[in-house]
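If you read the protein sequences in the order shown, they are chains G and X.
In this text, residue positions in the first sequence follow the numbering used here: the first is 37, and each later residue adds one.
In this text, residue positions in the second sequence follow the numbering used here: the first is 37, and each later residue adds one.
Careful: at least some of the hints might be erroneous.
Per the computed footprint, the stretches of chain G lying under chain X, defined by three or more beta-carbons under 8 Å from a beta-carbon of chain X, are [unchecked claim]:
| no. | region |
| --- | --- |
| 1 | 59-72 |
| 2 | 348-359 |
| 3 | 509-517 |
Pulled a few chain X residues facing chain G out of the computed Cβ check, cut under 7 Å [stated by the list, open to error]:
| no. | residue |
| --- | --- |
| 4 | Asn58 |
| 5 | Lys73 |
| 6 | Thr78 |
| 7 | Ser82 |
| 8 | Asn280 |
| 9 | Asn497 |
These are computed hints drawn from the structure, not numbers from a lab.
Keep in mind the model is a prediction, meaning the values are calculated, not measured.
A virtual CB, placed ideally from N, CA and C, is assigned to each residue, including glycine.
There are 2 protein chains.
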Amino acid sequence: MTAASAYASLTSHFARASALSNAIGILQWDSDTMMPKGSVGTRADSLALLRVNHHAMITDPRIGDWLDSARHDDGLGTWELANIREIHRIYTVETALPGDLVEASSKAVSACEMTWRQAKQDANFAALLPTLQEVLRLQREIGAAKGEKLGLSAYDALLNDYEPGARAHRIDALFADLAAFLPGFTDAAIAHQSRLPAVAPLEGPFAVEAQRGLGLAMMRVLGFDFERGRLDVSAHPFCGGADNDVRITTHYDEADFARAFMGVMHETGHALYEQGRPQAYLHQPVGQARSMSVHESQSLLMEMQACRSREFITFAAPKMREAFGGSGPAWEAEAILRHYTQVKRGFIRIEADEATYPAHIILRYRLEKAMIGGDLALADLPGAWNDGMQELLGITPPNDRVGCLQDIHWPSGGWGYFPTYTLGAMTAAQLFDAAKRADGDVLPGIARGDFGPVVRWLRSNIHEQGSLHETDDLLTRATGRPLDASVFITHLRRRYLGEE
Amino acid sequence: MTAASAYASLTSHFARASALSNAIGILQWDSDTMMPKGSVGTRADSLALLRVNHHAMITDPRIGDWLDSARHDDGLGTWELANIREIHRIYTVETALPGDLVEASSKAVSACEMTWRQAKQDANFAALLPTLQEVLRLQREIGAAKGEKLGLSAYDALLNDYEPGARAHRIDALFADLAAFLPGFTDAAIAHQSRLPAVAPLEGPFAVEAQRGLGLAMMRVLGFDFERGRLDVSAHPFCGGADNDVRITTHYDEADFARAFMGVMHETGHALYEQGRPQAYLHQPVGQARSMSVHESQSLLMEMQACRSREFITFAAPKMREAFGGSGPAWEAEAILRHYTQVKRGFIRIEADEATYPAHIILRYRLEKAMIGGDLALADLPGAWNDGMQELLGITPPNDRVGCLQDIHWPSGGWGYFPTYTLGAMTAAQLFDAAKRADGDVLPGIARGDFGPVVRWLRSNIHEQGSLHETDDLLTRATGRPLDASVFITHLRRRYLGEE
Chain G
37 MTAASAYASL TSHFARASAL SNAIGILQWD SDTMMPKGSV GTRADSLALL
87 RVNHHAMITD PRIGDWLDSA RHDDGLGTWE LANIREIHRI YTVETALPGD
137 LVEASSKAVS ACEMTWRQAK QDANFAALLP TLQEVLRLQR EIGAAKGEKL
187 GLSAYDALLN DYEPGARAHR IDALFADLAA FLPGFTDAAI AHQSRLPAVA
237 PLEGPFAVEA QRGLGLAMMR VLGFDFERGR LDVSAHPFCG GADNDVRITT
287 HYDEADFARA FMGVMHETGH ALYEQGRPQA YLHQPVGQAR SMSVHESQSL
337 LMEMQACRSR EFITFAAPKM REAFGGSGPA WEAEAILRHY TQVKRGFIRI
387 EADEATYPAH IILRYRLEKA MIGGDLALAD LPGAWNDGMQ ELLGITPPND
437 RVGCLQDIHW PSGGWGYFPT YTLGAMTAAQ LFDAAKRADG DVLPGIARGD
487 FGPVVRWLRS NIHEQGSLHE TDDLLTRATG RPLDASVFIT HLRRRYLGEE
Chain X
37 MTAASAYASL TSHFARASAL SNAIGILQWD SDTMMPKGSV GTRADSLALL
87 RVNHHAMITD PRIGDWLDSA RHDDGLGTWE LANIREIHRI YTVETALPGD
137 LVEASSKAVS ACEMTWRQAK QDANFAALLP TLQEVLRLQR EIGAAKGEKL
187 GLSAYDALLN DYEPGARAHR IDALFADLAA FLPGFTDAAI AHQSRLPAVA
237 PLEGPFAVEA QRGLGLAMMR VLGFDFERGR LDVSAHPFCG GADNDVRITT
287 HYDEADFARA FMGVMHETGH ALYEQGRPQA YLHQPVGQAR SMSVHESQSL
337 LMEMQACRSR EFITFAAPKM REAFGGSGPA WEAEAILRHY TQVKRGFIRI
387 EADEATYPAH IILRYRLEKA MIGGDLALAD LPGAWNDGMQ ELLGITPPND
437 RVGCLQDIHW PSGGWGYFPT YTLGAMTAAQ LFDAAKRADG DVLPGIARGD
487 FGPVVRWLRS NIHEQGSLHE TDDLLTRATG RPLDASVFIT HLRRRYLGEE
């Protein structure tokens, strides 16, 4: 085998693996949007088989040999070398775990998810404890096994799956800046808005078809390519599908259009990233989205930075009035802007506003890091949760249903994922700021419903870069420096305190 | 390996193969109903990979060993033995072809289908000839290879793929009876209807949502299980999906609801068969539908036998009037019945009515058998087609677009499929007749919108039998004798000549 043929073998192998993961993506989408409930079991069998096949492909021992040979290939360019780096990363992580650990974890997660639904409903943490204990035990084992191979702590190894290159000591510093800022800021923001006139409610009902029509129209404004994607309905909104077939979903509430509207803008941000990945490497590891935080930065850049701006709301308000036949003071752009920038302390992460959301994340990050590190016993989680809520948000949950039982992440084995939400929010602020500096037409464009300037900047600085660079490098190239909290904090002070 | 473990290995292997074919079924459905057009290439890669994997599974050499061992298993019951018979059948046929022949045929078909679309549009048979010649050459080779392994002629071997156990000499006899009957009958039926008062047209437009609502309501009447299936829209209606997830489609025309309405009843007939297959063997070969003609018999039993009966139309007419706000003479049950039982000579198979449809099929059957057998040169097809149309239907196509270029079956490599349509129509007549004899409440049930009696009879006599019996045996058990043309002919004489 020559070095050149080794690289060719790698790319054709991973292109086939991508054909399989594309199939999985569409079947998963179908499960969440279209599938009749009587076929849950049949579908689970199909997805399990394809996932096993996919795992077998990306842990194929020939990959190790091909990687060894391809490293001696002098004819490879920057993208090819980065592709080898990404393939090596995937192969290392995926082969780090013994098969019985993968299977034990999969079974523990299934059992725990099922228990969680009932335990949450009953606000009964004790009922969840045994199965969640098992999930945690296996996550610690997985983190240790991966960490040993990567030379990382268990928590860093778990984090690394979602956020390659991220390390807890960096996140500690970033989140410390935010944690110092947030409590006082939240007080100030709430005080600030209390001095403004009350916001009149937007009165419904809002017909689903009108909501859908408005959402589709705004997706077009943002630049969603309907030749390579769709909008549908699911219980929990997501962006999924396949290469060149990006499927986003939303969930309509006839009593409140505002939430689904901004949800669609959020998922469209994810979708633009997926649709903008480099076509030449679309099916290769180097052509994938860089990380979860970068992905979340794209959704939050659209939802929080661009679409909650005064410029966008001024553009969108007449379209909203037209879609729903709205009139009167509640439908003025300024009122809708106020509606979309309310700050309110609450117990539930997924209902939190932009200003209080990071507190929810910092809490979860601290707790999961302590549990994986062995510094917090799972049995002590409810108390630690409530203490943290009091410290960060100044409120204490009345029960565990709206406390430590609210999220599916831990029961489903997603430890190390939470920080990417707030890293994404900070990244979004830093990127949007850089885009505005680079092109003075970004905000004026948004004001006239022309997302061309901002999307072009994102295309060349983020989307088309795929996984060519590590995250720090990507952000430094795009914004001049690695991630810090300052731009996000400035953004919050401007929007919620009316500064400058 | 013990004989018992061999059988267990077979069933677990084929259950996994079925998890794969279920995935393919849903992805194929998605391609035809949901997929944005920009992802055609990505989807083709996914489907090709899954099909290659599926073919590799069902030709796994271990199957041969397991079959050898399982034959010595004394502990197997009727269903298990039939499962072994079906697995052996699949394994024999699927391993009959060398890989390069499969690949050559797949490529020839792709090229020919592409040429066919344009050639049909241009009514240019000469443009199709070279690529269709190659498809035919490879079909003859495939038929010869399979035939050698099965001890069959090439045509019988091709036919056997769609209709296990069927042989041309039997079909020749059945179709000879029909061919002798049809021309005179068609004259008589047209003369008969010309003596009746003219049928007033049903005036549209018919809103798609109203059509969809009526179709869903009637699917419920027939017994479609929406917990294990869906109704959607595609360019060409079909019944597909997966085990326990049966997806039918239709195509709405706002100027004509009647066609989609009966199309939905047709696909619901297919779907009832799929939803009624034995749950204990749902993922095994013995639990599959018996053959294409038996499948078509289930759709035609619903569409032609049950839903074009006076009893059903009398029940359905008020629902139609309600759905579309129809009133006046055209909306009387008798007028709608006349609308649904018009006989008219035409060039196009898919537009043909129940009475003239068999002539289209007999023509194609004779021609494809002659071409596979080497008795008709492909270059002589247009002339032979037009001669046959004149003989069987008394009309001559003005060009090949509405003649021998109209169907995709031959360009797409579907040789041996055509006769199953008319075998299905005959089987439907024979089954419906037997159901009515067995349960006097079949027709009265349909008249009151209760399909329980007919569906219960089909469930126990056909659906739940899966592939337990060979087709002749299945029909003999259900109706007392193998297939013949007499019941179908009697049905046609009664409905279209008003006899008895």
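Hint numbers contradicted by this structure: 2, 3, 9
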